[in-house]
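With chain A's structure known, arrange chain B on it following the hints.
Note that the protein sequences, when read in sequence, are chains A and B. Just so we're aligned, residue -2 is where the first sequence starts under our numbering, counting upward by one. Just so we're aligned, residue -2 is where the second sequence starts under our numbering, counting upward by one.
To be clear, the hints were calculated from the coordinates, so they are not data collected in a lab. There may be inaccurate statements among the hints.
A pair counts as met if it fits within one copy or between any two copies, since identical chains are not told apart.
[Unchecked claim] Subject to a maximum C-alpha distance of 20 Å in a straight line, what follows is the list of computed EDC-like cross-link-like pairs (lysine to aspartate or glutamate): (1) K218 - D467; (2) K218 - E364; (3) K415 - E55; (4) K58 - D29; (5) K218 - E173; (6) K415 - E28; (7) K415 - E21; (8) K58 - E28; (9) K415 - E370; (10) K58 - D69; (11) K58 - D433; (12) K415 - D467.
Since the model is a prediction, treat every value here as computed from it, not as a measurement.
Each chain, written out:
Protein chains: 2
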Amino acid sequence: MKPASLVPFATLAPVQQYLQATEEATIAWLEDYLRLPSVSANPAHASDMAATRGFLVERLKAMGLDDVQLLDGGGEAAVFGQWLGAPGRPTLLIYAHYDVQPPEPLELWRTPPFEPTTIGDHIYARGASDVKGATAIALAVVEAFLRVHQACPVNIKVFLEGEEEVGSRSLRALAERHRALLSADAVLSADGGRASAEVPTINTGARGNAQLEVRLRCAHKDLHSGRYGGAVRNALHEAARLVASLHCADGTVSVPGFFDGAVPPGEGARADTAAFPYDEDAFFADVGAAPHGEAGYSARERITLRPSLDVNGLYGGHTGAGGKTIVPCEAVIKLTIRVVPGQDPGQIIRAVAAHLHEQTPPGCTLEVTELHEGARAATLVPAHPLVRSAEAVLTRSMQRRPIHVRLGASVPITAIFKETLGIDTLMFGYNLPDEDVHAPNEFFRRSSIRDGMRDWSALLEQLSHFAPADFTIAMAEET
Amino acid sequence: MKPASLVPFATLAPVQQYLQATEEATIAWLEDYLRLPSVSANPAHASDMAATRGFLVERLKAMGLDDVQLLDGGGEAAVFGQWLGAPGRPTLLIYAHYDVQPPEPLELWRTPPFEPTTIGDHIYARGASDVKGATAIALAVVEAFLRVHQACPVNIKVFLEGEEEVGSRSLRALAERHRALLSADAVLSADGGRASAEVPTINTGARGNAQLEVRLRCAHKDLHSGRYGGAVRNALHEAARLVASLHCADGTVSVPGFFDGAVPPGEGARADTAAFPYDEDAFFADVGAAPHGEAGYSARERITLRPSLDVNGLYGGHTGAGGKTIVPCEAVIKLTIRVVPGQDPGQIIRAVAAHLHEQTPPGCTLEVTELHEGARAATLVPAHPLVRSAEAVLTRSMQRRPIHVRLGASVPITAIFKETLGIDTLMFGYNLPDEDVHAPNEFFRRSSIRDGMRDWSALLEQLSHFAPADFTIAMAEET
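Excised from the complex, chain A in its bound form (with noise of 0.2 Å):
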């Protein structure tokens, strides 16, 4: 690999100075980018989402992008806008999403979460830290290096979607619609996060992930509990017993099938994860949670090596205040299904779906709803230009050696992209572990925008060095 090397290294300097001096804009745009409450859940937010976008052009265009323009998917449009002005050099798509999870329960949050509040090093507010922070650290650099140097080190398109928190549905067919635009040599993503703001770590893989939801039906419409109380079937008790079917008394999946395919992991991922500092006591300790799950496995191997199923969501009845003497008639589960390498998304949804219905009462009706189509788990190998870019980046302004970890959380795109553009997707974001993201009182840290200003731009630099052609390297499934 011998990359051209048009725009050396040092160049990085005045592009750093510059962003160092403009930190106090990026974080005021930052600011008002969290007060447009772009919940893609929610069909009431639709104007926000699209206030969103118009925001979002407006930023582009300013910074000095071309084409900008809103990319139709079918769905809620992405963001988009380039800058090709280094023929020769590698082209790289930065990917982001402009929607964010739902607020609720709003009575949690201490602060407005439309409202950013800045408390000491944190920024609060519903979308900071997954991912509008990042994203304006994506947009920063960029938009200092075309200030300072009329160019960046690589071709560039960004591409910002509005589906992301609630499963990319469109995202397939937004990449296939628009292939020809969206084409490139690699994405970045400031979508994924850091595990540690002191030990470096690559992501080189994420679970895979579905969703599903699960509507039983026992009755009609709810009847009173002293009238049919103790002689008919009630939606609440069918349900529980669907949900506690589902796990073994340790906390191991115990649906038929639902390991089918998944790759053990390898020594080389376990050995990662034992380097990985790590205190497991904290990580419960910290949360409240109860340590719980499949046997042999740290922790840490659970969530990020082993497949896994939450209920997300489960209501029925009623779920107002005080009382109400009813026997439920309908009980609505909301599950995601993490998957491995190895496994197929489809047929793991399969294998639940058709145990739910095995374990299905009779003269009871459930309806299995896919959320959106399932995504497989993804892996980047080590020899990848964006691992070597990254490992380079990584050594030098952490002055250690980062260790590759995997996501226990899925990014659906890093698949769509690699199956429809035929492209690895390096996650590059900043946020930690501890940021409260799809809960009350997330916040992004003022101290990650500045380490990933500073990371990105020399990353972009570091890509500079490799040919368009050196990103082909094949993406292996981790064996």
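Same frame as chain A, now just chain B:
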């Protein structure tokens, strides 16, 4: 028993003619009453509750009652008024409740819950059947006697409670605080309902009940299922195990001690139950429910003669649209216990709470709250003037001898009035089992208003043939 006969049976005719002639006005008043959303379970309806009290105060005054006032027991006030112009005659406390169940889920109503809509014989509205319809009957009858004869056959105290749908939580305090004002020889309750429109029945008892809210916590906050899934206890998985542990596979309650004290149904009660013409297949088919429950008993016996335990509501995690990839930290379970004669509801609550605590896994916390004080099961003996009067009235109006039936539903007032005022209650409500009480599309029948006015007027007259002393016959629990 040798009652004086100041107002002979014959005086009924002009009263009943008056009731027929004013039926449209009675229904118009009922419709106004149904427009008031008197939902006691939801604090957002506090002003509607107050407006409903004002509406009733006006009515009691207008119909000629004295001492009309609100009675405070620490919660929602009760509405009271009396007519004591028959010295030496029995005094009947007419009971109803002005509060209604929450209307949710709103999307399942075909007509607005608080805009009464008449379709054929049905008047659809929340509270139509439970129990504003029967309240309109009772008030119309008292008013008719006062308009036609300027006198009632018995002394009347009208007592309209505002907390029946939240477990009559301050009824005991109300009865104790206003013991002198409420003193009477017996209670006639507009609540309770008929088992059938064709077969005359007399309610001679009801199951007691208790309501619990159970809160299970397994972590300080909701956790990202990608970052914790597979390694921590999930509150919904554990809640499902708790709920699943409450019943055996056949539906019999499996909580140790749950059946303690329950007097096995006697031959008489089982014969009465068998005598009641009851289409068990239609009972289930009408509501699309799956038969399920304790072996050795018919469905009707399970509902009326055996204890039961139903989960009325269960929720945790994401309950909105779409998915949310969390490990929920908390689950809430709402449940109702139904007890039969011989059982102490406090003891059964303790048994259920102890079982739930024992089933709670390490690292999780469980909080069990009694939503209101439990009520014992009630039984009215056959020789009581209330039963004898009802038998005389129903035998005449329906041309067949009424069957004694027990209610599966609980009417805690029966136990509370017995304990605080020392008097028995006859449930003489006119709703029917198919009227979707506590569910969407609740309705009451116009024909039931007609039947009810005929029978309530005859019942007040019939009770006048007894002396107050006749009412002291002991309430006994069925054996």
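Cross-check of the supplied hints:
no. : hint        : verdict
1   : K218 - D467 : neither (62 Å within a copy, 44 Å between copies)
2   : K218 - E364 : within (17 Å within a copy, 30 Å between copies)
3   : K415 - E55  : neither (29 Å within a copy, 74 Å between copies)
4   : K58 - D29   : within (17 Å within a copy, 61 Å between copies)
5   : K218 - E173 : neither (44 Å within a copy, 39 Å between copies)
6   : K415 - E28  : neither (33 Å within a copy, 64 Å between copies)
7   : K415 - E21  : neither (36 Å within a copy, 73 Å between copies)
8   : K58 - E28   : within (19 Å within a copy, 62 Å between copies)
9   : K415 - E370 : within (15 Å within a copy, 61 Å between copies)
10  : K58 - D69   : within (19 Å within a copy, 67 Å between copies)
11  : K58 - D433  : neither (32 Å within a copy, 59 Å between copies)
12  : K415 - D467 : within (16 Å within a copy, 88 Å between copies)
Hints 1, 3, 5, 6, 7, 11 from the list above are not met by this structure, while the remaining hints are.
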